[in-house]
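Residue numbers (full-length UniProt numbering): 1 to 179.
Bear in mind the hints are in silico, worked out from the structure with no lab data behind them.
Just so you know, not all the hints are guaranteed correct.
[Claimed, not checked] Subject to a maximum C-alpha distance of 20 Å in a straight line, what follows is the list of computed SDA-like cross-link-like pairs (lysine to any residue):
{"no.": "1", "residue 1": "Lys142", "residue 2": "Ile105"}
{"no.": "2", "residue 1": "Lys55", "residue 2": "Ser44"}
{"no.": "3", "residue 1": "Lys144", "residue 2": "Ser175"}
{"no.": "4", "residue 1": "Lys177", "residue 2": "Arg150"}
{"no.": "5", "residue 1": "Lys102", "residue 2": "Ala140"}
{"no.": "6", "residue 1": "Lys177", "residue 2": "Arg118"}
{"no.": "7", "residue 1": "Lys144", "residue 2": "Arg114"}
{"no.": "8", "residue 1": "Lys102", "residue 2": "Ile73"}
{"no.": "9", "residue 1": "Lys144", "residue 2": "Gln112"}
{"no.": "10", "residue 1": "Lys55", "residue 2": "Ser175"}
{"no.": "11", "residue 1": "Lys106", "residue 2": "His66"}
{"no.": "12", "residue 1": "Lys102", "residue 2": "Leu116"}
{"no.": "13", "residue 1": "Lys142", "residue 2": "Arg97"}
{"no.": "14", "residue 1": "Lys102", "residue 2": "Lys55"}
{"no.": "15", "residue 1": "Lys55", "residue 2": "Asp159"}
{"no.": "16", "residue 1": "Lys144", "residue 2": "Glu111"}
{"no.": "17", "residue 1": "Lys106", "residue 2": "Pro64"}
{"no.": "18", "residue 1": "Lys106", "residue 2": "Cys143"}
{"no.": "19", "residue 1": "Lys106", "residue 2": "Ala140"}
{"no.": "20", "residue 1": "Lys55", "residue 2": "Lys144"}
{"no.": "21", "residue 1": "Lys55", "residue 2": "Lys177"}
{"no.": "22", "residue 1": "Lys102", "residue 2": "Gly47"}
[To be verified] Label pairs and their in silico Cβ distance ranges:
{"no.": "23", "residue 1": "Asn127", "residue 2": "Gln174", "range": "28 to 36 Å"}
{"no.": "24", "residue 1": "Asn109", "residue 2": "Thr156", "range": "26 to 34 Å"}
{"no.": "25", "residue 1": "Gly129", "residue 2": "Glu30", "range": "37 to 45 Å"}
{"no.": "26", "residue 1": "Ser31", "residue 2": "Gln165", "range": "34 to 42 Å"}
{"no.": "27", "residue 1": "Asn127", "residue 2": "Ser76", "range": "30 to 38 Å"}
{"no.": "28", "residue 1": "Gln112", "residue 2": "Glu59", "range": "13 to 21 Å"}
{"no.": "29", "residue 1": "Glu169", "residue 2": "Pro70", "range": "30 to 38 Å"}
{"no.": "30", "residue 1": "His173", "residue 2": "Ser115", "range": "13 to 21 Å"}
{"no.": "31", "residue 1": "Ser175", "residue 2": "Ala69", "range": "26 to 34 Å"}
{"no.": "32", "residue 1": "Gly129", "residue 2": "Gly57", "range": "28 to 36 Å"}
{"no.": "33", "residue 1": "Pro146", "residue 2": "Glu30", "range": "32 to 40 Å"}
{"no.": "34", "residue 1": "Lys177", "residue 2": "His75", "range": "18 to 26 Å"}
{"no.": "35", "residue 1": "Arg97", "residue 2": "Ala161", "range": "32 to 40 Å"}
Even for Gly, the Cβ is constructed at its ideal location relative to N, Cα and C.
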Amino acid sequence: MLGAGVGETAGLAETSGAAEGAGNPRPAAESNPETSADLVFFTSASGYTGRFVEKLGREAGRIPLHTSAPTLIAHSPYVLILPTYGGTAEQPGAAARGAVPKQVIKFLNVEQNRSLIRGVIGAGNTNFGENYCLAADIIAVKCKVPVLYRFELMGTSEDVATVNQGLEEFWTHQSQKPA
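Take the sequences, apply the hints, and build the full model.
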């Protein structure tokens, strides 16, 4: 089940009253999409990560593709799935700049979203070499959460089964932790 989650709104709102003219549409301010799903993801224009999430068959909140769009707001603990952008290393062995998508940075810069992240799953391409799934590693360090899994491109059927089983075990373990 892909989607931004609960409360996604955009477009026109009907207004009433003499000033606007009864029933004439007026553009509504876009509100932030919201989610209570335990899985949040970002997929680039290629859609690889989104296709992987779709294969999981789980409810998931989607971080908008464009940074100009309102930011997704999470309302419950979640695991983040994201791709690594190619980026470029300034020197051999250095982390690639631009590995974490700007949309994900914008999402995690919201304190509420950052406080609810519990783990991260990375998507990548082994052609990136040492930068394979680097975005997941960066977020794990900055947010002090574990990298739960890494998969290449759209993932395999084995990746899907492993991630689904791993998420079930992860959330069971999380629910047993003292508050």
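Verification of the supplied hints:
Restraint check for Lys142 and Ile105: the C-alpha separation of about 11 Å stays at or below 20 Å, so the hint holds. Of the pairs offered as hints, the one joining Lys55 and Ser44 holds, with about 17 Å between alpha carbons and a cut-off of 20 Å not exceeded. Proximity of Lys144 to Ser175 is assessed by CA-CA distance (about 19 Å); at most 20 Å being required, the pair is judged to hold. Note on Lys177 and Arg150: the hinted pairing is violated, with a Cα-Cα distance of about 25 Å set against a maximum of 20 Å.
Of the pairs offered as hints, the one joining Lys102 and Ala140 holds, with about 16 Å between alpha carbons and a cut-off of 20 Å not exceeded. As the CA atoms of Lys177 and Arg118 are separated by approximately 12 Å, the hinted pair is consistent with the 20 Å bound. The straight-line distance between the Cα atoms of Lys144 and Arg114 is roughly 10 Å, inside the 20 Å bound, and the hint therefore holds. Among the hinted pairs, Lys102 with Ile73 is consistent with the structure: their alpha-carbon atoms are about 16 Å apart, no more than 20 Å.
Of the supplied pair hints, the one linking Lys144 and Gln112 holds, its CA atoms being roughly 15 Å apart against a limit of 20 Å. Pair hint Lys55 plus Ser175 does not hold up; C-alpha atoms about 25 Å apart against a cutoff of 20 Å. For the hint linking Lys106 to His66, the alpha-carbon distance of about 10 Å falls within 20 Å, and the restraint holds. Only pairs whose Cα atoms come within 20 Å are accepted, and Lys102 paired with Leu116 is accepted, the gap being roughly 19 Å.
Among the hinted pairs, Lys142 with Arg97 is consistent with the structure: their alpha-carbon atoms are about 15 Å apart, no more than 20 Å. Note on Lys102 and Lys55: the hinted pairing is violated, with a Cα-Cα distance of about 25 Å set against a maximum of 20 Å. For the suggested pair Lys55 and Asp159, the alpha carbons sit about 10 Å apart, so the restraint of at most 20 Å is met. The hinted pair formed by Lys144 and Glu111 meets the criterion: a straight-line CA distance of about 14 Å does not exceed 20 Å.
The hinted pair formed by Lys106 and Pro64 meets the criterion: a straight-line CA distance of about 10 Å does not exceed 20 Å. For the proposed pair Lys106 and Cys143, the alpha carbon gap of about 14 Å is at most 20 Å, so the pair holds. In summary, the hint linking Lys106 to Ala140 is supported, as the alpha carbons are separated by about 16 Å, within the 20 Å threshold. The straight-line distance between the Cα atoms of Lys55 and Lys144 is roughly 28 Å, outside the 20 Å bound, and the hint therefore fails.
This hinted pair does not check out: Lys55 and Lys177 have alpha carbons roughly 29 Å apart, beyond 20 Å. A hinted pair counts as satisfied when its Cα atoms are at most 20 Å apart, and Lys102 with Gly47 qualifies at roughly 16 Å. The hinted window of 28 to 36 Å between Asn127 and Gln174 holds, with their beta carbons roughly 34 Å apart. In this structure the hint that Asn109 and Thr156 lie 26 to 34 Å apart at CB holds, the actual value being about 33 Å.
The beta-carbon spacing between Gly129 and Glu30, approximately 39 Å, falls within the hinted interval of 37 to 45 Å. For the pair Ser31 and Gln165, the beta carbons lie near 36 Å from each other, so the given range of 34 to 42 Å is met. Hint check: Asn127 to Ser76, Cβ distance near 35 Å, so the stated range 30 to 38 Å holds. Range check, Gln112 to Glu59: about 19 Å between beta-carbon atoms, so the 13 to 21 Å window is met.
Taking the beta carbon of each, Glu169 and Pro70 are about 34 Å apart, inside 30 to 38 Å as hinted. One distance hint, 13 to 21 Å for the beta-carbon pair His173 and Ser115, holds here, with the actual separation near 19 Å. Distance hint for Ser175 and Ala69: a CB-CB separation of about 32 Å, consistent with the stated range 26 to 34 Å. Restraint check, Gly129 to Gly57: a C-beta distance of roughly 32 Å satisfies the suggested window 28 to 36 Å.
Under the hint 32 to 40 Å, the C-beta atoms of Pro146 and Glu30, about 34 Å apart, fit the expected range. For the pair Lys177 and His75, the beta carbons lie near 19 Å from each other, so the given range of 18 to 26 Å is met. Here the CB-CB span from Arg97 to Ala161 is close to 34 Å, well matched to the stated 32 to 40 Å.
The structure is inconsistent with the numbered hints 4, 10, 14, 20 and 21, although it conforms to all the rest.
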